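Student: So the sequence lines, in the order shown, correspond to chains F and P.
Numbering of the first sequence is given in my numbering, commencing with residue 1 and proceeding in unit increments.
Numbering of the second sequence is given in my numbering, commencing with residue 1 and proceeding in unit increments.
No wet-lab data here; the hints were simulated from the structure.
Check the hints yourself; a few may be wrong.
[What the hints assert, rightly or not] Part of the chain P face toward chain F, derived, beta carbon under 7 angstroms:
1) Ser26
2) Ile106
3) Glu354
[Unchecked claim] Computed beta-carbon distance windows for the label pairs:
4) P/Lys318 / F/Gly109: 49 to 57 angstroms
5) P/Glu5 / F/Asp163: 31 to 39 angstroms
6) P/Asn2 / F/Pro11: 45 to 53 angstroms
7) P/Glu114 / F/Thr108: 54 to 62 angstroms
8) F/Lys235 / P/Thr308: 43 to 51 angstroms
9) P/Lys104 / F/Lys2: 31 to 39 angstroms
10) F/Arg250 / P/Glu331: 54 to 62 angstroms
11) F/Pro11 / P/Lys104: 15 to 23 angstroms
Remember, it's a predicted structure, so these values are computed and weren't measured experimentally.
Glycine is no exception: its CB is placed at the ideal position from the N, C-alpha and C atoms.
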Amino acid sequence: MKIVVCVKAVPSSTEVRFDPVSHTIIRDGKQAVINPFDAAALECALRIRETAGAHVTTLSMGIPDTVRILRDTVARGADEAVLLSDRAFAGSDTLATSYALACAVRKTGVPDLLICGKMAVDGDTAQIGPELAAALGIPAVTNVKEILSVGEDRIGVIRESDDGEQEVSVCLPALITVVKSIVDPRMPSIAGIRAAEAAAVSVWTAEEIGADPERTGLAGSATQVVRTFSPERKKECVYIEGSAVEQADRLRALVEELS
Amino acid sequence: MNIYELTQEYEIYLRDESRSIGHAASISFPENEAEMREIIMQMNAGGTPVTIQGGRTGLAAGAVPYGGHVMNLSKMDQLLDVTAEDGRYSFTVRPGMVLANLRKIIAGRKIDPEKMRSGPDAALAFINDREYFFPTDPTETSATIGGIAACNASGARSYKFGAARNHITRIRMILADGRIADIRRGEVFASGRRLVLPLTDGSSISAEIPSYQMPACKNASGYYARHDMDAVDLLIGSDGTLGAISEIGIELLPLPAYIWGVSCFLQDEDRAVRLTNALRDGFRNLAAIEYFDKGALDILREQKRKNTAFSALPALKKEYSCCIYAEIQEEDESAALQTLLQIGKCLTACGGREEDTWVARSDTDRETQQFFRHAVPESVNMLIDERKKTDPSITKLAGDMAVPDEHLAEVMHMYRETLAAAGLQSAVWGHMGNNHLHVNILPRDSRDYSLGKQLIAGWAEKVTAMGGAVSAEHGVGKLKRDFLAIMYGSARIEEMAALKKAFDPKGIFGRGNLFAAEVMVPSAGREAVPAGERETEAAE
């Protein structure tokens, strides 16, 4: 079985600090880390490999330094890692990103199973998994919280839905996105890190994966990030006093004012 | 100034993490130094004992009152100032500042520069500078900085950074009569063993520093005593017996760019000692070398199996009976990598396998490692709490002793042989790099409890004979003062009492800490301790 796990490098902290005088963002210089949802996706792949046998490839798109994140996935047990890195990819939204990932996946042949994290902690879009499946023309099962069985031609999972849970059996090849709590990712070992340092991480350009320039980067993006900012949070507290009836009347008036 | 009768409502303030229970007549929660001073002077006038409390996380009952008044400083938790000197930042904090909160302030730069006592400049520079940290890292992060200073606490990283003393630059302390000592490191020194301590009102205190030689290892046993010592070192680690700390200056260090933790698993304790010695000899950039024995790992295995709260613990292979955790700190990633790979070779040479190590290089992995390390004491406390349901008289018994490097293997064998001979269940963990293990005896009944107490007293004698310390980081408080007497002898204990008397003639502060209140009175013609304040043993 061949498994591809998509991983994204994300900032190590979700807390944004501002200089109290200049009001500019303070860069703490911390290195990017693997998106925690993707770490869970990799752990799922490694566990499938332990029970059913598989070849696990991790795939990412990003700046050259993302090799460091991919090397870490090899340290944790991935068999090989591929990075898509090219100025042509700059400014990609989820549509252009999933197109590029699909091109890379096709280059080596569509695997039996693709596993993505449900979403990335920086963008929170949860779009890459479904878009990649659509680009490849394979079924997608999102928000998987448990893998029940992995066969030669089917995978059985439980997914979280708005109404509760669904048990789904889907034919392979397929793509699943997993929630963070599905498994606790293992830590790398010294032996794994030693092997990862010696491993070659393939770096592919847009041309090498045969990507159409019109569908990559800014040109291929249906959306653009216009501005990034920390949301302003306002808290106001109104104390309502009086009898129960008076309080209820005042509460109703307040709700009406707000709506 | 509010002083409350210590009614049932305030009962929790009669206890600390040592699980000892004391007694007191009144309690206060001062909010500023003026209130502290007023209460202290009032208590001193009546000869009423005053026990100072911070987070009540101590393990030696130093904050458990033996009568009199409890002064709880939890409301005095402000950051007062940020200063910069020679490229280093110092914070001035009130004693009730909780360690976890201090860390949040440092990491998140949660500082209002305009509110800093010496102006906004240093705070603004700090906010925009690289990351810094306070290296003292006791497991319990609800400890207060005042408590940390009072017992000279340390933690895992003391292997590299030493105890809290090394990072405290100033102590401001209110004495029993209301006078104030405000001592900065490097300004006041003893002359030999004679100390003249200047006070803020222009007066001074003269005192003899005890004549003992401190052990050449990690030590939090009794007053710091050394020829020509810095006066601030006497106030640090004085276990709440000399006065009440109202401000503390702490120095921060630049946070290393790379902090990697590695857990190495081994099949027996002798190999763990060999690996520890190899790490100590071969590496200069390790911040911590920690140990977990089979008893500790078995408790974790059981917790993971039975308790869903611990299900996220990484699985422990059954062939391993102990673990050495080392923390690498480096400014350069390639140097950190080289160190890690070298540790792998040392581990292999000691019979371990690189494949069965856990390496934490990211915050997520570090959190997992920390969860594992902190789950050990937490699980032991849960186990004892469960056993207390059938026999309320028992409690956890724990050693906090350290020895010089050359006695590591010897002290480990001593613990192992005596525990086996007594047939007691135990879990051992702690700071192997400092030859400082927390040997926890887990009594199943009152017989085990009694045997365990005898065993630990025996260890105190043997550790003293090895040139070690009976308390390496928890302080002496009330529970280890008998061990302190074993370590230094009664004549030196009387010297400590004489020193205390110079600061606190009526002996109101921390009564029962370090030594019994009666020791304060000269041997010939000892006066009676004031009625109602005679020391009574805390119930464990």
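Student: Each hint should be assessed against the structure and marked as holding or not.
Tutor: Structure-based check of each hint:
1. Ser26: Check failed: Cβ of P/Ser26 comes no nearer than 35 angstroms to chain F, outside 7 angstroms.
2. Ile106: violated (12 angstroms)
3. Glu354: Holds - the Cβ of P/Glu354 comes within 7 angstroms of chain F, reaching about 4 angstroms at its closest.
4. P/Lys318 / F/Gly109: 49 to 57 angstroms: violated (41 angstroms)
5. P/Glu5 / F/Asp163: 31 to 39 angstroms: violated (57 angstroms)
6. P/Asn2 / F/Pro11: 45 to 53 angstroms: holds (47 angstroms)
7. P/Glu114 / F/Thr108: 54 to 62 angstroms: Distance hint for P/Glu114, F/Thr108 holds at roughly 59 angstroms.
8. F/Lys235 / P/Thr308: 43 to 51 angstroms: violated (35 angstroms)
9. P/Lys104 / F/Lys2: 31 to 39 angstroms: violated (45 angstroms)
10. F/Arg250 / P/Glu331: 54 to 62 angstroms: holds (60 angstroms)
11. F/Pro11 / P/Lys104: 15 to 23 angstroms: holds (19 angstroms)
Hints 1, 2, 4, 5, 8, 9 from the list above are not met by this structure, while the remaining hints are.
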